[in-house]
Amino acid sequence: MTPKLKYIISYVRERIPQWFFIPLLYLLFRDEKSLQNWNPDFVDWEPWIAMGYIYILWEGNRYVGSFWNKRLPGFEFTIRRLVWQMLSCTLFILLFCLLFLGGFRFFEVMPSISFRVFKDNFLYGLLVSYLIIAVYEGVDFYQGWKVHLTKAEKLAREKSEIQLALVDAQLSALRDQLNPHFLFNSLNTLSSLIDLKNKKAITYLEQLADVYRYLLEHRARHLISLKEELTFAQAYISLNKSRFRDDLAYKVMLNTKDDDVQLPPYALQLMLENAIKHNAISPGNPLVIVVTDTPDHLVITNNKRAKSVLEPSTGMGLKNLKRRCIMATGKPLQVIESEDSFTVKVPFVHRDAFPAPLPDVSTLTP
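Every letter in the sequence shown is one number past the one before it in my numbering, and letter 87, counting from 1, is 434.
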């Protein structure tokens, strides 16, 4: 649809009420007695002059209404806006009646104009104007009410989602109070049973214990320093390198000071896990994960290596991370995918904007 056609359609829509209401208002308020004061040569023109009078009133009031809607928009200014509209319209009608009846006198449509004629025209114009104001304000109020209702429903949904996320975090925290501690202690016990000569096994267990120690210490936090997240990610990569060796490449190239920014915990680890899970890793077909940054994001990119058999995935990990980024930083997670690569941008919170600590969900009960 061309801009010109859009303008024509909009113009016609705005004028449809006038085509209906102007003749109706003329018929409702037509006064046969007033024609006695008219010059006989102009009596046949009376319907067109009267409807022209109503049209000018309509357009003038529409302009006044549009002016005050821009100056005082919204529900909270409804009464003030109406008062100013009525005052402005009253002044407009007074001036218009003086000019209109002055024109009648000048062109001898009415050879003589009494105060009663002026008063009747003024009151008639006032009544028509207030009806027009009521129509436009009613339409604007209804449209505003619909927008307000839509926003209220959206806020209610977002509030419900946040409450569900908090309850889910509370339940997860309570459920995990036993299992991670038990597993962490079991790893320490297993380490003491391994032959001291098997250094690789001991190193692997120590790295696994470091991973679970990190999970235990930070599971209830909403933000964590980039330095801590990188340390955790390195331990996680080391565990996986024990399996994939040189076929898994991990590079970190950052410009940001890792103590100056925070991000949701496990964000980097989750992206590393996703990359390892969803890509084929084999000799001669390495998976390369590169961690870089922008002033506002941690950027994790991996090359795509299609698997012959895809593992089942619900996508909940990425969905939950998106939700956590919004809740913790107020900024969205960005996902950029191409044929050859997969990139995720995790938003930072800079030191000068660190928020106050959020409640420790591990201490809450559902």
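Source of the hints: derived by calculation from the structure; they are not laboratory data.
Accuracy of the hints is not assured; some may be wrong.
[As the list claims (entries may be wrong)] Derived pair list, reagent style DSBU-like, types lysine-lysine, alpha-carbon separation capped at 30 Å:
1) 678 <-> 666
2) 598 <-> 493
3) 604 <-> 666
4) 651 <-> 624
5) 604 <-> 506
6) 547 <-> 417
7) 574 <-> 588
8) 498 <-> 651
9) 678 <-> 493
Restraint status (C-alpha distance of residue 598 to residue 493 at most 30 Å):
violated, 52 Å
Do the alpha carbons of residue 678 and residue 493 lie within 30 Å of each other, as the hint requires?
Given pair residue 678, residue 493 holds - Cα atoms ~28 Å apart, limit 30 Å.
Sort out whether residue 624 lies within 30 Å of residue 651, counting only the CA atoms.
holds, 11 Å
Is residue 604 close enough to residue 666, meaning Cα to Cα at most 30 Å?
Distance ~28 Å between residue 604 and residue 666 Cα, so the pair holds.
Taking 30 Å as the top limit, are the C-alpha atoms of residue 678 and residue 666 close enough?
Measuring from Cα to Cα gives roughly 14 Å; hence the hint holds.
Taking 30 Å as the top limit, are the C-alpha atoms of residue 498 and residue 651 close enough?
Roughly 40 Å between the alpha carbons, so the hint for residue 498 and residue 651 is violated.
Does residue 574 pair with residue 588 here, judged by a C-alpha cut-off of 30 Å?
holds, 21 Å
Given the hint that residue 604 pairs with residue 506, does the C-alpha gap stay at or below 30 Å?
Outside the cut-off at roughly 35 Å; violated.
Going straight from one Cα to the other, do residue 547 and residue 417 come out at no more than 30 Å?
violated, 73 Å
Of the hints listed earlier, those the structure fails to meet are numbers 2, 5, 6 and 8, in rising order.
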